[in-house]
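A.B. asks: Spelled out from the first residue to the last, the chains are:
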Amino acid sequence: MFAGPLQDLIDELSKLPGIGPKSAQRVAFHLLKAPADDAAALARAIVEVKDKVRLCRTCFNVSDQELCEYCRDPRRDATVICAVQEPPDIVAIERTREYRGLYHVLQGAISPIEGVGPDDLRISELLSRLRPTAEDRPPVEEVIVATSPNVEGDATALYLARLLQPLGVKITRLASGLPVGGDLEYADEVTLGRALVGRRSLSA
Amino acid sequence: MRVATLALEDFRNFVRQQTGLGAGINLIVGRNAQGKTNLLEAVHCLSGLGSPRGPDHMLVRSGAERAVLHADVVRGPRHVRVDLEIRPGRGNRALLNGNPVPSPRALAEVCSSVFFGPDELSLVKGSPEGRRRFLDDLVVGLRPARETLRREWERILRQRNALLRSMPRERGAAATATATLEVWDEALCRVGAELTAARLEVLAELAPYAAKRYEAVAGGGRLELAYASTWAPAGEGNVAALQSALQSALQEARERELERRVSLVGPQRDDVVVMLVSAGDPAGEARDARAYASQGDQRTCALALKLGEHDLLSDATGEQPVLLLDDVFSELDPARRRWLGGAVAAVDQTVLTSAEPDALDIGGVARVIEVRAGELRDAQ
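In order, the protein sequences belong to chains A and B. FYI, the numbering used here numbers position 80 of the first sequence as 1462, with every residue one higher than the one before it. FYI, the numbering used here numbers position 136 of the second sequence as 138, with every residue one higher than the one before it.
No lab work stands behind these hints: they were computed from the structure. Careful, some of the hints might be misleading.
What follows is a set of in silico ranges between Cβ atoms, one per label pair, in the way DEER data are often shown [unchecked claim]:
id	chain 1	residue 1	chain 2	residue 2	range
1	A	E1523	B	A177	23 to 29 Å
2	B	E207	A	P1520	53 to 59 Å
3	A	A1385	B	P130	54 to 60 Å
A few chain A positions that, by computed beta-carbon distances, are all more than 12 Å from chain B [to be verified]:
id	residue
4	K1397
5	L1414
6	A1418
7	A1427
8	R1477
9	E1507
10	E1524
11	R1544
12	V1551
13	L1556
Part of the chain B face toward chain A, derived, beta carbon under 10 Å [stated by the list, open to error]:
id	residue
14	E67
15	R68
16	P104
17	S105
18	R107
19	P146
20	A147
21	L151
22	R153
23	N163
24	S168
25	T178
26	V185
27	E188
28	A189
29	E321
This one's a predicted model, so the numbers in the text were calculated from it and none came from an experiment. Cβ coordinates follow ideal geometry from the N, Cα and C atoms, glycine included.
Make the full structure from the sequences, and use the hints.
C.D. replies: Written as structure tokens, this is what we have:
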């Protein structure tokens, strides 16, 4: 145990994800030695992020305005919505530069162990985006479900598919399969099995 | 195959130790609670499939952050260097000849073993859970990639049970909860059917090997294995058929599951039944060894199952797994000791522990290693 403020800082840091007691101690001592300006800048950044960053009114991505950059952008294709679990997933998809549609951040995945059910996710908000409105915007034609390819992400995708089916919107799921540039022999059976099920025709 | 050298760092009670192991029989001696079983466990962990005794965090010496194993493995003409770093909560890492492998379970292609301890000796009379684990371990042992299937199954079952526990009691009040349950039903049926099909396949492969081993020691009589399930149609190995059978069984159990708040049908409730036809009555009916066989016969069955597992893995992979026997001989009568001794003599490499080596009565011991308070030394 260290004296007052230092121990407080270590305790706070060790509440962060991926930071254990030892890392927390290292970061705390680093900050202690750092110039006062650097430490103040970090403190300010933390306060500002809580103060200024909020969730987009439409898609629940993080934003410093009422609408996020994608929802504001008139060049994006508003007939396609890609549903993801968390905001960082958007960054990953944007890096591909393959997608020009809009997003919807569910803010998690169905996981009964953690007490997360459909009502805890932004699913009703997604539904209301699909309903025709008087507003001057084109109707959504496709929802791409881009939840993670694990047990919880799959369950969430299946739930969404069942829920959205009656609305007559096209529902797609990101393909699961082999990593590009990898060796077939190293693929595990489940991945390879899914890749087989989702195979594509090469003949015209 | 065999393990030629083994070095341990912060593994169980070993701080930093290393030892050579010979071809043939390696005898680990020492008084109780010195670390004999821990050494066997370390050899087993070299397959990258975890310990037969418990979760990974128990493998790391208390106070240390990670445990590391290094081994030289001789597999046919190949010499392979295996390094495994066990980091509970952060994922384990493995190297083959110094090159990282995508997952530790890739080590199983190089280094495999069959572990046999007191728990395995009561395989037949013990709980169904032990027999399911035996079968699932063999599923993974034969095809290491199926570890993913097993984990996926366990995760789905835990999620579905958590959901059932949190379901509101009053009916009709929770359309969302019911819709969520249906999603988990579908996952349970899909993966449950795959797991069951894999189990049935492995059981059919194991049966002739176990029967042969049983016959050799019991001097007659016949051992048969059957898969007992409340929902899977007998003899059905087709995944799609199993999936629809599980679906209808779930439908039927819906009320009871909501009442009891736990998953009641599926592979998690299935069992392997060991059946015996007595030597005196070869035309007779096969009877459940759990209910009808003597204690000694039940142990013989357990030995036959584990040696059958070793035979099956040897034939399927073209290399004999290391045989790890943890204090098994002391539990056997002289006739079965001789039988097991004979079986061990034909194995490429066996590592066995004993607190009373003098009473062991087996010949051809290649190497004796003494364990005392977490330290290893050669004692010939």
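A.B. asks: Of the hints stated earlier, which fail here?
C.D. replies: 11, 15, 29
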